[in-house]
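Novice: Produce the complete structure using the sequences and hints provided.
Read top to bottom, the protein sequences are chains A and B.
The opening position of the first sequence corresponds to residue 1338 in the numbering used here, with each subsequent residue numbered one higher.
The opening position of the second sequence corresponds to residue 1338 in the numbering used here, with each subsequent residue numbered one higher.
Each hint should be verified, as a subset may be incorrect.
Treat identical chains as interchangeable: a pair holds within one or across any two.
Distance condition first, Cα-Cα at most 30 Å in a straight line; then the derived DSBU-like pairs of lysine-lysine [to be verified]:
1. K1358 x K1376
2. K1355 x K1483
3. K1483 x K1515
4. K1515 x K1462
No wet-lab data here; the hints were simulated from the structure.
Remember, predicted model here, so these are calculated numbers, not experimental data.
Number of protein chains: 2
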Amino acid sequence: MARRNDHTRDELQRLTLKVVKDFLTLYPPQEMSLRKVAKLIGYAPATVINTFGSYGDLLLAANAETLDELHSLSAAAVRNETQPRTALRKLARIYLAYARKYPHRWHLAFEHRIPDQKVLPEWQKSRIDRLFALFAEQLSRTGARKSLQDIHIASRVLWAGVHGICLLAAGGAVLQEKNATGEQMLDMFLNSFLESYTQPVMKGGNLPTSG
Amino acid sequence: MARRNDHTRDELQRLTLKVVKDFLTLYPPQEMSLRKVAKLIGYAPATVINTFGSYGDLLLAANAETLDELHSLSAAAVRNETQPRTALRKLARIYLAYARKYPHRWHLAFEHRIPDQKVLPEWQKSRIDRLFALFAEQLSRTGARKSLQDIHIASRVLWAGVHGICLLAAGGAVLQEKNATGEQMLDMFLNSFLESYTQPVMKGGNLPTSG
DNA sequence: CCCCAAACTGAACAGCGTTTAGTTTCTTTC
DNA sequence: GAAAGAAACTAAACGCTGTTCAGTTTGGGG
Chain A
1338 MARRNDHTRD ELQRLTLKVV KDFLTLYPPQ EMSLRKVAKL IGYAPATVIN
1388 TFGSYGDLLL AANAETLDEL HSLSAAAVRN ETQPRTALRK LARIYLAYAR
1438 KYPHRWHLAF EHRIPDQKVL PEWQKSRIDR LFALFAEQLS RTGARKSLQD
1488 IHIASRVLWA GVHGICLLAA GGAVLQEKNA TGEQMLDMFL NSFLESYTQP
1538 VMKGGNLPTS G
Chain B
1338 MARRNDHTRD ELQRLTLKVV KDFLTLYPPQ EMSLRKVAKL IGYAPATVIN
1388 TFGSYGDLLL AANAETLDEL HSLSAAAVRN ETQPRTALRK LARIYLAYAR
1438 KYPHRWHLAF EHRIPDQKVL PEWQKSRIDR LFALFAEQLS RTGARKSLQD
1488 IHIASRVLWA GVHGICLLAA GGAVLQEKNA TGEQMLDMFL NSFLESYTQP
1538 VMKGGNLPTS G
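Specialist: Here it is as structure tokens:
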């Protein structure tokens, strides 16, 4: 058996990624395997390897799609938002909603372990950076006078907080919070962070606002 | 071959966990396997399964030790700290230091996926809760007038933020921040959060501190 | 001393990702 | 139009993996 040419190289790649996406929409990554994917697309395991390089690279490609999707949704949500603080709230909500809707894909994208020695490809890093950039962009629009370095750090802190909260709210693993909703946590986090970011206290501290 | 009785059941368990701990101190979980562990303790793979139930349960037991260690270090660090804000800062630093020192054990403890259907055992959940409780305890000592529910949520937000930042600072995976240190991010996060927690703004907002 | 239960293992099983050799087909060249 | 070469695809094998099970050895209690 050889040379079926049912699909072009590109079609085959797209088909495979679609199958992976659909699988991960229903089942966790640990239940997926190269052989199952191969069976689902109707090709031999070795064909998938030929197409993507390795099973790990297939996962990497799937993660790229996840990150693209998340970025696209986020960017669209803030595109016409004039208020940076509102935009940041929207970003956080989108993030949470996505983590809840596609928990397996979301997890895989952020906790995928690269076999030691090997480095994460540049196109993957840049996808993560694009997510950070969305936060940084809104921060720079708040009008608060901050250095580039401050904005850089703040965007990471913002992202880390949102991500950690999503882990608690949507995490199917060890972490699972029941007595606080993701929305409550996000609100408290964003309110506190933005308040302090846009109205920093002077050295020596402010007076308490009550009693 | 049978009935060696080189070790009691307890000794064997401790020995196995020690070997796992040592392994994970040097190498990531993906490189570890039941068979490697068995070889390291000088027993057959089936013996490890008999002792712990399954390889997954062995990892769970190892995670319990990790969480205990982290809790013990944290509790010790704040035991004699009178200032709750300082205590919270110490907790965060301990957390970051631990994630840096034992990245593989730290990761495994928090992102270990339980094979679907199966639930996380109660003794594992309670270990996570104990970590949250350390934050909650300090929050309730700040003197800020908060409901129990507020403290509950705030402790989760605090933990989530610290955890997310540690992922960025110590994460060997997809996430890896280079232009901001963990300390910088932790400081910014804690300062902003605690400021707003202990000095909440009134409705309508404060005046900016500078024009 | 015997017997049972506990301790421990070797071998087998099904599954995994990957490699390799090989076959079939398409495309190019003469 | 036939020959040659490249491309597409796979079956089979390799060395792993966690788990099961039948079977052997041993220590302790009756």
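Novice: Work down the list of hints and note, for each, if the structure agrees.
Specialist: Hint check results:
In this homomeric assembly, K1358 and K1376 come within 30 Å of each other (Cα to Cα) only inside a single copy, at 15 Å, whereas the closest approach across copies is 38 Å. When the C-alpha separation of K1355 and K1483 is checked against a cutoff of 30 Å, the pair qualifies neither within a copy, at 43 Å, nor between copies, at 49 Å. For the identical chains of this complex, K1483 and K1515 are inter-copy neighbours only, at 20 Å across copies versus 37 Å inside a copy, given an alpha-carbon limit of 30 Å. For the identical chains of this complex, K1515 and K1462 are inter-copy neighbours only, at 12 Å across copies versus 33 Å inside a copy, given an alpha-carbon limit of 30 Å.
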